Structure formats: C-alpha cells, structure tokens
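Enquirer: Here the sequence shown is numbered in this note's numbering, starting from 1 and rising by one per residue.
Take these hints with a grain of salt, some might be off.
What the hints assert, rightly or not - With a straight-line Cα cutoff of 20 Å, these simulated SDA-like cross-link-like pairs (lysine to any residue) come out: (1) Lys40 to Tyr65; (2) Lys70 to Val81; (3) Lys85 to Asn126; (4) Lys70 to Ser83; (5) Lys40 to Arg52; (6) Lys85 to Ile69; (7) Lys85 to Trp75; (8) Lys85 to Gly150; (9) Lys70 to Ser48; (10) Lys85 to Thr129; (11) Lys70 to Gln51; (12) Lys70 to Lys85; (13) Lys40 to Val63; (14) Lys85 to Tyr65; (15) Lys85 to Val63; (16) Lys85 to Cys71; (17) Lys70 to Leu47; (18) Lys40 to Gly23; (19) Lys40 to Gln51; (20) Lys85 to Arg46; (21) Lys40 to Ile69; (22) Lys70 to Asn54; (23) Lys70 to Ala25; (24) Lys70 to Pro88; (25) Lys70 to Ser99; (26) Lys70 to Phe42.
Everything labelled a hint here was simulated from the structure, so no lab data went into it.
A quick note: this is a predicted structure, and the numbers were derived from the prediction, not measured.
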Amino acid sequence: MKHIFTAGLLYLSTLSFGHVGIGTAQPNNNAILDLTSTNKGFLPPRLSTVQRDNIAGISEGLVIYNTDIKCLQYWNSSTWVGSCKTAPPPGIITGLDCSTAVITGTLEENTAASGVSATIAYSGGNGGTYSGQTVASSGVAGLVATLSPGAFANGNGMLTYTITGTPMG
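My request is simple: use the sequences and hints to build the entire structure.
Expert: Structure, rendered in structure tokens:
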C-alpha cells in the first residue's frame, strides 16, 4: 500500500509541474518535454507523403519526417513546410524579343566601353536559375557581353548584358 501511495504521489507531481524529462532528472522549466542526450538524437514519426496527407485533423505545429523527400516537415495550419533546402529548377525561357532590346550608353571606336548595357525582354520564364555567360561580339571586334548569374521570373522578364571592351572597326 505504501508503494502504491508513493507511486501515486510521483505521478501527481509530474502533473502539477507540467513538464517531463527524458535523460535528465531536472527538465527545463520552459519545456513541456525536455530530451537530453550526449550520444542520441530525436527520431520523429517517419511518414511518406501519402501517409502524411492522410492525417485527419492536423494540429498546427505537428512535426514529421517525410521519407519521400528526406526532409523534416511541420504543419503551419494551412500547408506542410519543409526544413530542407531544395535546389531551384534549371532556368528555362521560351523566347527572346530582340526587336525591343534597349541599349544604354554609347560606344565609340577605339574608346573603352563604360556604362554600356543591352536589355532584352524574354517570355516563358520558369523561375529557375541560370548561370552567367560571356559572349564575344561577332559584328564588332573587341566587345564582350556579360550576363551575371540569376533567376528567371515566372512568365516574362528582362535580361541585362553588360558590354565591355574597346570596339575596333
């Protein structure tokens, strides 16, 4: 009887303090659950995307490990948010409109280009990234057009090439 009474008191004491410690005798007062270890990690529920999407009545803040995308995710009351960074898609555009290109600055033969650029409209961007590129002029010797790395807008956008070098006739 004495052991049952002691066990009951211990149980009631955990209810009154409102926090539990695993691996620690003194759980942090600011935590409802304090997991402490120097050689083990926390293993959340592991679900596929289909299993995750079949959870009924999802509570805000629910955390799972999505086995399909290999990422920890939490529910923010409207969508699942991943903690893993995914690489953006490679950039794609469907067209360039060179007829509307805008050239800024002036080029003079045998004078170094300064503040010269060409801006060209594009369509069909997918939001993906592109690496920079450098293109030598085929019409005027000595000039190079450089596009810095970036990301296409979704839909239409503009590409700006910086023109450098010294034009030679």
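Enquirer: For the pair we were handed, Lys70 and Ser99, check the Cα-Cα distance against 20 Å.
Expert: violated, 46 Å
Enquirer: Lys85 and Gly150 were given as a pair; does the straight-line alpha-carbon distance stay at or below 20 Å?
Expert: Holds: Lys85 and Gly150 sit about 18 Å apart, inside 20 Å.
Enquirer: Within a Cα-Cα threshold of 20 Å, do Lys85 and Arg46 meet the stated pairing?
Expert: Holds, at about 19 Å.
Enquirer: Within a Cα-Cα threshold of 20 Å, do Lys85 and Ile69 meet the stated pairing?
Expert: holds, 11 Å
Enquirer: Can the restraint linking Lys85 and Cys71 be considered satisfied, given a maximum Cα separation of 20 Å?
Expert: holds, 9 Å
Enquirer: Are Lys70 and Phe42 close enough, with their CA atoms no more than 20 Å apart?
Expert: The given pair, whose Cα atoms are some 15 Å apart, holds under the 20 Å limit.
Enquirer: Quick one, are Lys40 and Gln51 close enough, alpha carbons at most 20 Å?
Expert: violated, 26 Å
Enquirer: Compare the distance between the alpha carbons of Lys85 and Tyr65 with 20 Å, and conclude whether the hinted pair is satisfied.
Expert: holds, 14 Å
Enquirer: Regarding the pair Lys70 and Leu47, is the alpha-carbon distance no greater than 20 Å?
Expert: holds, 10 Å
Enquirer: Are the Cα positions of Lys40 and Ile69 separated by 20 Å at most?
Expert: Violated. Lys40 to Ile69 sits at ~23 Å, over the 20 Å cutoff.
Enquirer: Does the alpha-carbon distance linking Lys70 and Lys85 stay inside the 20 Å limit?
Expert: holds, 11 Å
Enquirer: So if I understand the rule, the pair passes when the alpha-carbon distance is 20 Å or less; does Lys70 with Ser83 pass?
Expert: With a Cα-Cα distance of about 10 Å, the restraint between Lys70 and Ser83 holds, given a limit of 20 Å.
Hint compliance for this structure: hints 5, 19, 21, 23 and 25 are not met, and every other hint is.
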